[in-house]
Amino acid sequence: MSWDVIFDNFGRFADGAQLTLLLTLIALGISFFLSIGLALLRNSHNPLLRNLVGAYTLVFRGTPLLIQLFLIYYGLAQFEGLRQSFVWPWLSSPLICVLLAFVLNTTAYTTEIFAGGLRHLPPGEIEAARAYGMSPWTQARRILVPAMLSRSLTLYGNETIMMLHATSLASTVTLMEITGVARNITLNYYIQFEPYVTAGAIYLALTFILVGLFRFAEYRWAAYLQPRRG
Amino acid sequence: MLSDYITTVLAAGWISLQLAFLALSLAVVLGLLGALCKRSGSRLLRWPVEVYTTVVRGIPDLVLMLLVFYSLPALLNQGLEGLGWDYFVEFSPFAAGCVTLGLIFGAYMTETFRGALQGIPHSQIEAAQAYGLSRWRTFAGIVLPQMIRLALPGFTNNWLVLVKGTALVSLLGLHDIMFRARGAAEATGKPFTFYLIAGGFYLAITVVSLLALRWLGKRYSMGVRELSR
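Chains as they are written, first to last, in my numbering: chain A, 1 to 230; chain B, 1 to 229.
It cannot be assumed that every hint is accurate.
Said to hold, decoys possible - Per the computed footprint, the stretches of chain A lying under chain B, defined by three or more beta-carbons under 8 Å from a beta-carbon of chain B, are: (1) 27-38; (2) 58-67; (3) 93-102; (4) 186-193.
Unchecked claim - Negatives, chain A to chain B, calculated, CB over 10 Å: (5) LEU49; (6) LEU76; (7) PRO122; (8) PHE208.
Worth flagging that the hints you see were computed from the coordinates, not collected in a lab. Keep in mind it's a predicted model, so treat the numbers as computed, not measured. Beta carbons: idealized from backbone N, C-alpha and C, even for Gly.
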């Protein structure tokens, strides 16, 4: 066993973990706000809007993230017009491509989770809001969005863990997050065992932290949905 | 010319499907065993399963695949070397992918099946015992049909994620649809076209699976009254 290699490269693993967390947080942060809007549209009365959002979530939930990432990172180079345009410096950077793919992917999942939470809202709450004379904007802000978020907390917690794990795919387009670092060390030192085990252990620890955070959040914001005890 | 590439890519979809079905069978077996262990009274059975599901669900699929494909043989070979045996262990990408996906989704199936088992009222099993049914007949005749109905939504979800997970095995070098799409993309200089074809393949499987499992769900929910809305 050559665990000393891991200790020597501890700093690289720390940098990798930092990038992993950064990718996870940026992707989740952007997708959170997009999903709230899209979830409201997914349940709108306008069938065109509803089905448009439905088609988007179907396509992005129905295909592997790896393909979406490759379509954006490798695929877009096929279009000559795009390569000449001003957006190309951004679209040829792996970091931007990875974030774009992650945001598009996790927004599709999160939209469905939030929309599902909204569908479980008792109609009485919306009727009451209307009876109070709340405008649609006030209704959304005070009733729909808080109810939707607290109801989908458990599923959203799972989705954030999925997102954390999905960042490992960034290593396929040269980014040095945890998996990328582990892969790099296996290639540099010809050891196959220790780097991947270390990577797995770091992901496991990060997952536990996320699970703990969401347990606390559920206790704090969704306790009123639990059946009453005693 | 281009159509030749397209047929090669789509033909490789068969390998992805084989992989998915084999991994699913393994996952269902592991899931059933895991669920029964978790429901059993014995701590010795419950604990290992608890550790298994927690660890497997806490590590990304890609990392687990790399662990099974690279790290496990390395560990085995070190052990064999220590014993003085002259034998070199190596896994094929197909076997490694199949085992890894089976292990991963075995953990998810364990949770799905455990939830389904919990949904069956215990009084039914007591009634079956009172009628003198054997343990096997209670399971096959009373528990299993209801379990299928209760587990179907979770099962559908796991299957859809599993199918998409097969794309990762191309990174181990399996010549599946993703690998062929990459080859065709590099050969023709049309990456968008070929990755789009691969994506279409997966989307088609998703839609067909959704329709098939929805039909199955309707069949297994016959005689169950829905709450009227």
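>> According to the definition I'm using, a residue is off the interface if its beta carbon is farther than 10 Å from all beta carbons of the partner; does LEU76 of chain A meet that for chain B?
In response: 7 Å, violated
>> The output says PRO122 of chain A does not contact chain B. Does that hold with a beta carbon cutoff of 10 Å?
In response: Given a closest Cβ separation of 12 Å, the condition holds.
>> Closer than 8 Å Cβ to Cβ for three or more residues is the test here. Does the segment 58-67 of chain A pass it with chain B?
In response: holds (count 9)
> Are at least 3 residues of the segment 27-38 of chain A within less than 8 Å of chain B when you compare beta carbons?
Replying inline: Violated, because only 0 residues of the segment 27-38 of chain A bring their Cβ atoms closer than 8 Å to Cβ atoms of chain B.
> Are 3 or more residues of the segment 186-193 of chain A near chain B, judged by a Cβ distance of less than 8 Å?
Replying inline: That given contact holds, which follows from 4 residues of the segment 186-193 of chain A lying within Cβ reach (below 8 Å) of chain B.
> Taking a Cβ-to-Cβ distance below 8 Å as contact, does the segment 93-102 of chain A have at least three residues touching chain B?
Replying inline: Answer violated; 0 residues pass the 8 Å Cβ test.
> Is it the case that PHE208 of chain A keeps its Cβ farther than 10 Å from each residue Cβ in chain B?
Replying inline: Answer for PHE208 of chain A: violated, closest chain B Cβ roughly 7 Å.
> Does the no-contact call for LEU49 of chain A survive, Cβ to all of chain B over 10 Å?
Replying inline: 22 Å, holds
Hints 1, 3, 6, 8, counting from the list given before, are not met by this structure.
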